[in-house]
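Given the coordinates of chain E, work out where chain R should sit on it, guided by the hints.
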Amino acid sequence: MLLFIEQLLNGLQLGITLFLMSAGLTLVFGIMQVINLAHGSFYMIGAYVGATVTARTGSFILGVLAALPAAALAGMLVEMLVMRRLYRKDHLDQVLATFGLIMFFNELTRMIWGRQPLFMDVPPWLAGSVEIIPGIPYPGYRIAVIVVGILVGVLLYLLFTRTRIGMQIRAGASNREMAGALGVNIRLLYTLVFGLGTLLAGLAGVMAGPILAVEAGMGESILILTFVVIVIGGIGSIRGALLGALLVGLVDTLGRAFLPVLLRLFLSAAYADGIAASLASMSIYILMAAILVCRPRGLLPAHG
Amino acid sequence: MDRLPVNRKTLSVFTGTAVLLALPTVAGAAGEPYLVSLFSRILIYALAAASLDLMLGFGGMVSLGHAAFFGIGAYTVCILSMHGFEGTPLLAWPFELGGHQSGLVLWPAAVLFSAAAAAVIGALSLRTSGMHFIMITLAFAQMLYYFFVSLEAYGGDDGISLFARNTVPGMDLTNDTQFYYLCLAALTAFLLFSYRLVHSRFGMVIRGCKENERRMKSLGFPTFRYRLVCFIIAGAGAGLAGALIANQTEYVSPGLMHWTRSGEILVMVLLGGMGTLFGPILGAAALLLLEECLSIYTEHWMVYLGPFLVLVVLFARRGIYGMIAGGNGNHD
Numbered sequence: 001m002l003l004f005i006e007q008l009l010n011g012l013q014l015g016i017t018l019f020l021m022s023a024g025l026t027l028v029f030g031i032m033q034v035i036n037l038a039h040g041s042f043y044m045i046g047a048y049v050g051a052t053v054t055a056r057t058g059s060f061i062l063g064v065l066a067a068l069p070a071a072a073l074a075g076m077l078v079e080m081l082v083m084r085r086l087y088r089k090d091h092l093d094q095v096l097a098t099f100g101l102i103m104f105f106n107e108l109t110r111m112i113w114g115r116q117p118l119f120m121d122v123p124p125w126l127a128g129s130v131e132i133i134p135g136i137p138y139p140g141y142r143i144a145v146i147v148v149g150i151l152v153g154v155l156l157y158l159l160f161t162r163t164r165i166g167m168q169i170r171a172g173a174s175n176r177e178m179a180g181a182l183g184v185n186i187r188l189l190y191t192l193v194f195g196l197g198t199l200l201a202g203l204a205g206v207m208a209g210p211i212l213a214v215e216a217g218m219g220e221s222i223l224i225l226t227f228v229v230i231v232i233g234g235i236g237s238i239r240g241a242l243l244g245a246l247l248v249g250l251v252d253t254l255g256r257a258f259l260p261v262l263l264r265l266f267l268s269a270a271y272a273d274g275i276a277a278s279l280a281s282m283s284i285y286i287l288m289a290a291i292l293v294c295r296p297r298g299l300l301p302a303h304g
Numbered sequence: 001m002d003r004l005p006v007n008r009k010t011l012s013v014f015t016g017t018a019v020l021l022a023l024p025t026v027a028g029a030a031g032e033p034y035l036v037s038l039f040s041r042i043l044i045y046a047l048a049a050a051s052l053d054l055m056l057g058f059g060g061m062v063s064l065g066h067a068a069f070f071g072i073g074a075y076t077v078c079i080l081s082m083h084g085f086e087g088t089p090l091l092a093w094p095f096e097l098g099g100h101q102s103g104l105v106l107w108p109a110a111v112l113f114s115a116a117a118a119a120v121i122g123a124l125s126l127r128t129s130g131m132h133f134i135m136i137t138l139a140f141a142q143m144l145y146y147f148f149v150s151l152e153a154y155g156g157d158d159g160i161s162l163f164a165r166n167t168v169p170g171m172d173l174t175n176d177t178q179f180y181y182l183c184l185a186a187l188t189a190f191l192l193f194s195y196r197l198v199h200s201r202f203g204m205v206i207r208g209c210k211e212n213e214r215r216m217k218s219l220g221f222p223t224f225r226y227r228l229v230c231f232i233i234a235g236a237g238a239g240l241a242g243a244l245i246a247n248q249t250e251y252v253s254p255g256l257m258h259w260t261r262s263g264e265i266l267v268m269v270l271l272g273g274m275g276t277l278f279g280p281i282l283g284a285a286a287l288l289l290l291e292e293c294l295s296i297y298t299e300h301w302m303v304y305l306g307p308f309l310v311l312v313v314l315f316a317r318r319g320i321y322g323m324i325a326g327g328n329g330n331h332d
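One line per chain: the protein sequences are E and R, in this order. Sequential numbering of the first sequence, starting at 1, is according to the working numbering. Sequential numbering of the second sequence, starting at 1, is according to the working numbering.
No lab work stands behind these hints: they were computed from the structure. Beta carbons are placed, not taken as given, at the ideal position from N, Cα and C, and that holds for glycine.
Some chain E residues flagged as far from chain R (calculated, every beta-carbon gap over 10 Å): (1) G58; (2) V122; (3) G128; (4) I133; (5) P134; (6) R162; (7) A213; (8) L267; (9) S268.
Estimated spans, in silico, between C-beta atoms of each pair: (10) G87(R) <-> Y87(E): 57 to 63 Å; (11) L73(E) <-> L219(R): 48 to 54 Å; (12) L267(E) <-> G87(R): 22 to 28 Å; (13) Y154(R) <-> P117(E): 26 to 32 Å; (14) L3(E) <-> T188(R): 57 to 63 Å; (15) L219(R) <-> Y87(E): 29 to 35 Å; (16) P117(E) <-> Q101(R): 39 to 45 Å; (17) R215(R) <-> F4(E): 50 to 56 Å; (18) L151(E) <-> T260(R): 30 to 36 Å; (19) F315(R) <-> P117(E): 34 to 40 Å; (20) C294(E) <-> A116(R): 19 to 25 Å; (21) L173(R) <-> L126(E): 56 to 62 Å; (22) P108(R) <-> C294(E): 34 to 40 Å; (23) R164(E) <-> A116(R): 53 to 59 Å.
This is chain R alone, in the form it adopts within the complex:
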């Protein structure tokens, strides 16, 4: 980044940033405050999609179980905050663990728990590759889904609601606009982190594994460990998104981690442009807005979305970002 070249790519990124920054003001002026919460949701899903893109687009690992980490993050926040609200301990043995209300405690906890789950699932799944990997990540996600469905203490099938949004010093998260900017900040932070990661030595190795794992192995890289770390980082990112969605909807149910959710996140990545930093944001926005718009006209919008998806796969591989920004999307 010696100098900023003025081309379609930088232009579209700046436009996008400006739109996102100005959105709450514009929505307020237009008398459509609903847009703010819709776009908070878009930003949160964009974060989940960006975390998946880190391992999918750059690492070449096609996971169909990413929603599991999303759900774990959300459940961590809800369960801990429920215990904090009731003042009951979550664990009495082997050590006493209480709940909490503060986002500064809960969100790192959510990230930590989903990273831990990703470490276990990743260590098992990464023993395989290709078709096996897809099916195994899917099966593990379903396992966690059924685990939460049968977890009667925390609502089981019905899910649990969050008593109140988490507290953060100096911010009022019950205010939708402030919450929107929090989501935007989280997404920006994750994108900056991804950018540094992808262009670091670590990122080079990960991208090398995608192109030719055997060669990377022969060069002496312990590819399994690199891939596992990438898997864990992606899981942690999804956990953060989950913590935010729990706060946004103030309700969590196993449906958050159903495998169709993983599929939707995957669709967002592909729709926006795989292996790009900004693609997942565009994909998330496109899919969620498309859902919103289609559901105004017909209850059966999925009948149109399904074939649309097939057409995108068959004919528009580069995604929206590729179409807007042009050039080779693989390098940024």
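Isolated chain E (complex conformation):
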């Protein structure tokens, strides 16, 4: 039981990280109708900048504060130089151009930081364990990640429903021309939305830094998971992204932890472990296929 709750929290933490990634990406998909494979690169930029600044200054907070604008600025720069020219092209062009961007960013980080992965330490004030439920100590850092993720979710909700810029973003999403005619600066708005998305990716990256190794190509593995989340949740829908992220986080984590135990009930140990390893790594894709068969547009599609 203790193990189960611990794994549940781990799944929640993975889900929250995925939510930060997919919230930004689903905005770009939904609002600009553009498919962006390079979203993982901004996750990587966030992690690298965060790791470097943390190592130089010794302060994790400064690292986070440096990573966020770095990812956002890189995102806005890419939007102005490349993405802006892709909005009116078809998806194939967008896939290829952003694929080129991935190559560029991965190799660039290898040139700047070398091929060795960087490691980030958990800040000392978060290194301890907290007993949120009596008797179950859980790493403080992971709890911090969960709390930050929930806060960001609430802030996004407020931004979209309660502020003028949120209203403009929603207007731009449902009818670009009309919003433009009513005096909204669509170009600027798109740049800002793209920057917001990459900022969230950078945040996810720098928070994942102390948990995972910071290396070139780290963005791709999470990018694919993010795609699964978005497909499950429905393209363009932030609520869908939240639901999908939590589902994927929980299924993946719990599958890896408990499938071997479960299969051992029926099969011999060696055989069970082999099958469980395969099944666990495929579980979220099977989940996606199942959801797709029932609801091709995702669980909570954005528009009608």
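Relative to the frame of chain E, chain R by itself:
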């Protein structure tokens, strides 16, 4: 094809064929036998790219998971030939299935397995379209990638090597030149098949679906079935390419089906010219040769290739074939 018009298009095709046919002789004379194996690789990737172009350029289905079928073909050959070499059965239940060494058995098996995988993946993915389709094919390919990574019995992450190239009666595949001509023959056969297919009634329906699926539906065509068959044929073509690459490198790893590989194949199609028969060959040659050349000068060649790709997308949509052959590339 009543009469052959002499224009830039036929001229460039004949030149290309002549170059490919003469290559092993020239390479041998120039003392660069390495070129033969490089060009075998180019021909194999050209086959994979041509199969993708069948569904992408003519069918309008943007798949980002084509390397999955490439990898399945390669793994089929390696796994079956490993069992054939060791004399162990692959399956003991429900029926006994042994391995084999002969290419005449293994390659059709590779094609069959990748076609079967394409049938399942296609049937699920084609329920969607546009952005969803891209992401779903990508996710399925990654699923298979992780499946092979965790398949410890066949090397897992490290992959497995092929003990020896497959045998074909009357040919010695250990000879690089003979292997090169085999690849060339496979590519030519696939291109002839594609040519017939694209110009058949089936091809017309597929191209119609690309232009306007709703209209094709209203005309009474079961578009889903047509698209699925096209998806399966493309998967089978990639499986054949996979069987050849397993023989060429004599080694297979999950890296063959990583999604960046799918991306590379996609790049080849676009670079060469989408919706053309010969474009993918030019694209494969261009990308692989560019890699070879750039990696001589710098280890970080991807820093240059990436932005180059962005520029190609933004400014050179017709691809190399469009530039060389001119005219409207969509009709051949």
